[in-house]
Amino acid sequence: MKFVNEASTLIKDNIRDYGMYIALFVIMLTFNILTDGLFMSSRNISNLFDSAGYIAVLAVGMTLVIVIRHIDLSVGYVAGFLGAIAAILLMHYGIPVYVVIPMILLFGIAIGSLNGFLIAQLGIPAFVASLAGMLIFRGALLQVTEGTGTIIIQNNTFNALGNGFIPSIAKVNDLHLLSLIVGLLGIAIYIYSEIKTRRDKQKYNFDVVSPSIFMLKLVFVSAIIGYVTWVLAGYNGFSWTMMIVLAVVMIYHFITTKTVLGRQIYAVGSNPEAAHLSGINVKKVTYIVMASMSMLAALSGILYTARLQSATTTAGMLFELDAIAAAYVGGVSSAGGVGKVTGAIIGAVVMASLTNGMNLLGVGISYQYMIRGGVLAGAVIFDVLTRKKGK
Amino acid sequence: MAEYILEMHDITKQFPGVKALSDVNFKVEKGEIHCLIGENGAGKSTLMKVLSGVYPYGEYEGDIVYEGKVQQFNKISDSVDAGIAIIYQELALFPDLSVYENIYIGNEVKNGGVINWNQTIVKAKKMLNKVNLKVNPEVLIKDLGVGKQQLVEIAKALSKNVKLLILDEPTAALNEDDSENLLQLIKELKKQGITCIMISHKLKEVVAIADKATVLRDGQTICTLDAKKGEMEERTIIKHMVGREINDIYPKRPEKNIGDKVLELRHWSAYDPQLGRSVVKKADLHLRKGEIIGIAGLMGSGRTELALSIFGNPKNYKLYGELILEGDQKKFNHTGEAIKAGVAYVTEDRKGNGLFLIQNITNNVSAAKLTGIAKNGVINDNEEIRVAEHYKNSLHIKASSIEQLVGKLSGGNQQKVSLGKWLFVGPKVLILDEPTRGIDVGAKFEIYTVMNTLIEQGLSIIMISSELGEVLGMSDRVYVMADGKIKGELSADEADQEKIMELATQ
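Protein chains in written order, with the working numbering: chain A, 1 to 391; chain B, 1001 to 1506.
Because the hints were derived from the structure by calculation, they are not lab data.
The structure presented is a predicted model; accordingly, all values stated were derived computationally and were not measured.
Any given hint might turn out to be false.
What the hints assert, rightly or not - To give a feel for the contact side, a few chain A residues facing chain B, derived at Cβ under 10 Å:
1) Gly139
2) Thr197
3) Arg198
4) Asp200
5) Asn205
6) Ala223
7) Ser270
8) Glu273
9) Val338
Claimed, not checked - Label pairs and their calculated CB-CB ranges:
10) A:Gly373 <-> B:Gly1442: 49 to 59 Å
11) B:Gly1106 <-> A:Thr150: 57 to 67 Å
12) A:Leu385 <-> B:Pro1095: 15 to 25 Å
13) A:Lys217 <-> B:Gly1352: 30 to 40 Å
14) A:Phe206 <-> B:Gly1106: 53 to 63 Å
15) A:Gly147 <-> B:Lys1330: 57 to 67 Å
Glycine included, each C-beta is placed from N, C-alpha and C at the ideal position.
Start from the sequences, fold in the hints, and give me the full structure.
Rendered as structure tokens:
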């Protein structure tokens, strides 16, 4: 009885954090039942994660942009444009892929710094500055693809970023060995970090959940990681896209939760004036966040171009809105100062699951847009209502 | 028997936990200039808000009799319709609209629902003549100086057939010529039969212009002075303003151990380009090691601006003069530089720009010195917790744990978190802006005790405060500011309430 009580207060107190996990769980379960298990099949899950990748990296960057109370509408066409540049550098100039990728990321940083200059230095509203960027890069994309039209990329290394899988080393019972190892490693790291946090908290006599709840949480999360790994290992294992997204999430999660820079970002977001009076360089933080956003847009462009194995004239269209939607579903608040990188990823997966599941069910595209819009509105309404209750 | 245009009987207004007004009586005769005087927080603004319907009928006790009838104003427009207009210190004009649009906004000149702009301009010109303002009515408000903007506000009030004009510190932001102009205008309006209530801190003006003056103190009417009876004298007014006994208790000061000059300002001026005027004017001031100096002054006297100009200049004032910190002349381009050099500033508005309310105590305490808990840019969580625990215990912050959100703490505990945040910076000069505003007596005492401990440790404190008792009880020396200038310096022995108030109302 005590156990149930604790669990229910825990969920009530953290409903905002847990809400999207529960939503994702419900969505996945529903689709799985409606499609007779097709949704959770190895092949589909693998495909779903890959298709979410290029939006997920954008959502991570967008979360931080929204945390500091700005917005970036230019990311879609920056991704499209830089993807096209990558294709041109690879195919027309024959520059090796190991040089092209860092170059493209640097271009992204340069574009983001320009956004930062407009917003932080000149004080132009981010909405307007990035709207201008959106138009400019849309034009730039058309310009560079004008002569050739779609540019086909014949570079297996590059294309593998969007389509390839990590090598398996060996097959165990027809399962992808390296993926299993990665999954187990993930579980081990998760359990280790949870136990360490708990120990630290106990050391300072902070409240911790009871051992039974703690065990349940460990088992539950481990089971989910294990299950996803097992499902994926039954097909081709982890894709390179997934590994890249995981790396981005881990790096950004670390930066936002463990570093001075991360603290400064949330400080600027929750009260820019107080941040300034605390000696935090608000302009510098704005520069860094905007530059990081466009760098991730460059990465998104690489992933998308690699996935299509070509640069097209319409690449990047509406990516920015998908990314913003994912960030909001993931719990970011437009009032600033609130929003997690991990939430952004969940948000991206929720939105990708909706598209994927509805495609499997053969739902018409018109309904798909309406349903996704409804989910976005619902997520924000939920956020606003739970916030009010918090007060 | 004089004819009263306004009689406020036994007005009482409660806020949660505070009685802002208790049984206030205030009577204004038709056609007189009546000044309302009192310290910060005496209840002047609250009384005027009751009168104008900001606090609607039913939210206060007592009666408002206006033009012989008991009034029940439910909203501001009710009082406006009755001919009462308030002009606040922060003008309610639209800077990007023209003069004539501003005068007739909300009161448009219409023919069948369509605005007649030509008619509006003609009428606006008439109103501008009435206030002796010679500007083209098509000029934008933002292109006018503050003095002229003030006149536009009055013209706007006149356009609504105002009978009772209320001016809240009308000359606070004006230079001497503009002030003189305005006072002249008020006298002329009086001749036209308009009654005027003026809230003012400048007693010279009061004496020069007022027929009567009512003094409020701690939410109560103290007295009404009549110029005709020869009662209108600066000294008398001051005595009534401060008359309260200092019954707050201040902790005993430790053995004084005052050392060399830590901070010195020479001819220090700050010009605010946004306001278009100087907010600090040629201030000379010094602070010694182990000393608390008090900076007294009324609202708008430039105290906070002085503090900000020292603390890295976050408002981007144009600064003139010298700032000398521990013998070296300094120029801070950013608050971060001031913090590194050992200056800390605890803001007067802890919720607005002091704390991160949606973050916990831990993150707030470390926010001004993140490098102190980090190595190579990576935060050491354990170190951060240790620091937060240290300040929670040493400052007696009452919270369930250091993980509690600061927004959910009481005012006193929030102020302690603020203090902890700035102590962690390890400052040499600590500027406290209204350190005990809005907190209870117990927490006040604790903060005073902390201040004494700090100066024992060799810190130096600048305390800006509107509470005279606090200034007198805690300071070694007192500087009094008015109108951006330092009007005087008093040692702890010579300072008393009357002397401070005399300097502050110059």
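Outcome of the hint check:
no. : hint                               : verdict
1   : Gly139                             : 33 Å, violated
2   : Thr197                             : 9 Å, holds
3   : Arg198                             : 13 Å, violated
4   : Asp200                             : 7 Å, holds
5   : Asn205                             : 8 Å, holds
6   : Ala223                             : 28 Å, violated
7   : Ser270                             : 5 Å, holds
8   : Glu273                             : 4 Å, holds
9   : Val338                             : 7 Å, holds
10  : A:Gly373 <-> B:Gly1442: 49 to 59 Å : 53 Å, holds
11  : B:Gly1106 <-> A:Thr150: 57 to 67 Å : 59 Å, holds
12  : A:Leu385 <-> B:Pro1095: 15 to 25 Å : 37 Å, violated
13  : A:Lys217 <-> B:Gly1352: 30 to 40 Å : 39 Å, holds
14  : A:Phe206 <-> B:Gly1106: 53 to 63 Å : 55 Å, holds
15  : A:Gly147 <-> B:Lys1330: 57 to 67 Å : 59 Å, holds
Violated hints for the displayed structure, listed by number in ascending order: 1, 3, 6, 12.
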